[in-house]
Amino acid sequence: MINFSKNLITRLATYAIDNPASFLKRTAALNFSVGSVGLIIGMIINKNIPEKEKRFMIIQEATEGVLDLGVFLGCATAFEKIGRWLVKTKKLVPHIDNFSKEQVKDAITKFFANPNKPGISMLAESKIRTWVKAAEVGAGLIGTIIAFNVITPLIRNYIASKLEKNIGKKMDKTQTYSPILPATKLNQPISFNKNDPFASFNSAMTTGKLPQRAYLPVFTSTGMRV
Amino acid sequence: MFLLNIIKYIFWGFIKPVVNFNPNLTRQLSSLSALSPTMQRLSIGATGLVLQTSIDATNPNVDKSTQKYSAIRTAVKMVVTTLGGIFFRFLGQKTIGEPLVNKGILEVPKELIQKMAKLTPEVRIREFCDFKNLPLEKAPKVVSPEMLAKIKFAGAVGWVCAVGAAVVSVFVWDMPFVNKVMNFVLDKVYGKNKPENKGH
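One line per chain: the protein sequences are A and B, in this order. The first sequence stops at residue 226 when you use the numbering used here, and every number in between is there. The second sequence stops at residue 200 when you use the numbering used here, and every number in between is there.
One or more hints might be untrue.
[Stated by the list, open to error] So these bits of chain B aren't anywhere near chain A, every CB distance computed over 10 Å:
| hint | residue |
| --- | --- |
| 1 | 90 |
| 2 | 91 |
| 3 | 94 |
| 4 | 117 |
| 5 | 132 |
| 6 | 134 |
| 7 | 141 |
| 8 | 152 |
| 9 | 166 |
| 10 | 184 |
| 11 | 189 |
| 12 | 191 |
[As the list claims (entries may be wrong)] Calculated lysine-lysine pairs in the DSS-like style (CA-CA distance at most 27 Å, straight line):
| hint | chain 1 | residue 1 | chain 2 | residue 2 |
| --- | --- | --- | --- | --- |
| 13 | B | 103 | B | 115 |
| 14 | B | 150 | B | 132 |
| 15 | A | 6 | B | 103 |
| 16 | A | 6 | B | 118 |
| 17 | A | 117 | B | 150 |
For the record, the hints were derived by calculation from the structure and aren't laboratory data. Beta carbons: idealized from backbone N, C-alpha and C, even for Gly.
Just chain B, with the same shape it has in the complex:
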């Protein structure tokens, strides 16, 4: 849904300038500026499941049974790596990154607060809405510079920690488990009729 929106919005820019100046679309697309690595990974994984699997399933260089085998393998791999990737990024973002700021372990940089203080109160409310993807009616009446700086900084620290967790996940999830899970599923699917080492 989310991804469809992005594609729709970008390409409508070419063919249907009518959608421009639309307040709702503006808000939706503006919230993309706060796209977290978790959502980025989810988008890549979800589209990869469809695209990579169909590319392998229609690979003209190999025979039919190899196509099928490598397509199943790719699909399983995409699901496993995406789930792991999202899980670790989410963990890094929500349980490490954002609490670091919210519990005051990491201080919000003064420059950022000063930057936010220069904005007028109205602009701060709007930036708050853009960041949280809220309609203007649901925004709080007053958004202090500290509050805006804090949610922006907490979000960004969440990103940084999500990326750190993703690096860790390569070693604790991808390397030890992905091949095992993949072989397990393929054994289940193919039973003993598994074609030996077909595809990759």
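Isolated chain A (complex conformation):
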């Protein structure tokens, strides 16, 4: 067992040395998935959520998790390639001691023509290899930031508003909420501002008080889970 984990760590570490950008991307995806699964487990063992709604919330959370993961992986991979492309097309060129600008460009051409045996000096090869890795990591990081902090929240807000409208319409037609409220209090006004799941529903169930606003189970985002 100890040997197995030693081997595993050694193999993972060797991979990380060779492909830092890929390592960071994959582990961020792993952490994100574990966060999502943890959240779903939390919902499954939460006894305060009624069974029927639980299923809805879990499906929604899982869908959102998969969607976010896809956006993240796509974005990070695309940016990683942009980073590599920037070096390959010589838009980002390193400084190498005792090399003229033309020599550096020439070395980059040779490096990308045959990355395993470029036929350039060892110093230039080492510099360019580190440079490419760094460009991939840097660009991938920018892609990750855009995916998690811009695209995902925008999609989440957009979907939340769509769902809110659709479910709101249905509920207004069928009036299915009335049975859960104490009959004596039904004359009070209820506004359906439907954003968050069951908290107000639950408080109505436990305290017997009519919520000022009734909410529908729409969105349960947790935002960052990396």
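For chain A, the structure is supplied; the task is to place chain B on it using the hints.
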């Protein structure tokens, strides 16, 4: 500062090819190849605090008070999850991962040492500088293959353990505490006037 540098360097690549071939920028950007998961998490969290909060604060689909509430909620969540994430990653990296190699519990793979031995002494010194983000003057006179392989391997094992610690942190930090801390702070901010379940 660190993050600004990255963004600056990447986009200057498009608009200002003059910065290319700059020795200082080369060194700074090269050290990115050794970006640890801790720094990665910090970058995502710091930018998320600004970007996600402003996205929620300007969400056109909800009313003003909901915007404010969800923006505060997001900001608090970002701070709490980022601090936890960084703390656990740092712990995994510095107290578990790197000592595993430095105390000899995990052996540096022979292939890696052989790979480093193939490099000329000068290249080894430069790779050492790139890895540690040191200027060439401050580098040690001699960098043996074992030494270079060891710092690279220790760094990478640190990464692996940081990621492992991050997985653990989901269950021991994020799941039990984040909601509690968030509600606590929101109670402090809003007192009893808290809008019920607004935003998310």
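Status of the hints after comparison with the structure:
1. 90: Holds, because the least Cβ-Cβ distance between residue 90/B and chain A comes to about 15 Å, which exceeds 10 Å.
2. 91: holds (15 Å)
3. 94: holds (15 Å)
4. 117: holds (12 Å)
5. 132: holds (12 Å)
6. 134: holds (14 Å)
7. 141: holds (17 Å)
8. 152: Non-interface label fails for residue 152/B: nearest chain A Cβ at 6 Å, not farther than 10 Å.
9. 166: Non-interface label fails for residue 166/B: nearest chain A Cβ at 5 Å, not farther than 10 Å.
10. 184: The claim stands: residue 184/B keeps its Cβ more than 10 Å from every Cβ of chain A (closest is about 16 Å).
11. 189: holds (18 Å)
12. 191: holds (17 Å)
13. 103/B / 115/B: Holds, at roughly 22 Å.
14. 150/B / 132/B: holds (13 Å)
15. 6/A / 103/B: holds (14 Å)
16. 6/A / 118/B: holds (26 Å)
17. 117/A / 150/B: holds (25 Å)
Violated hints, in rising order: 8 and 9; the structure is consistent with all others.
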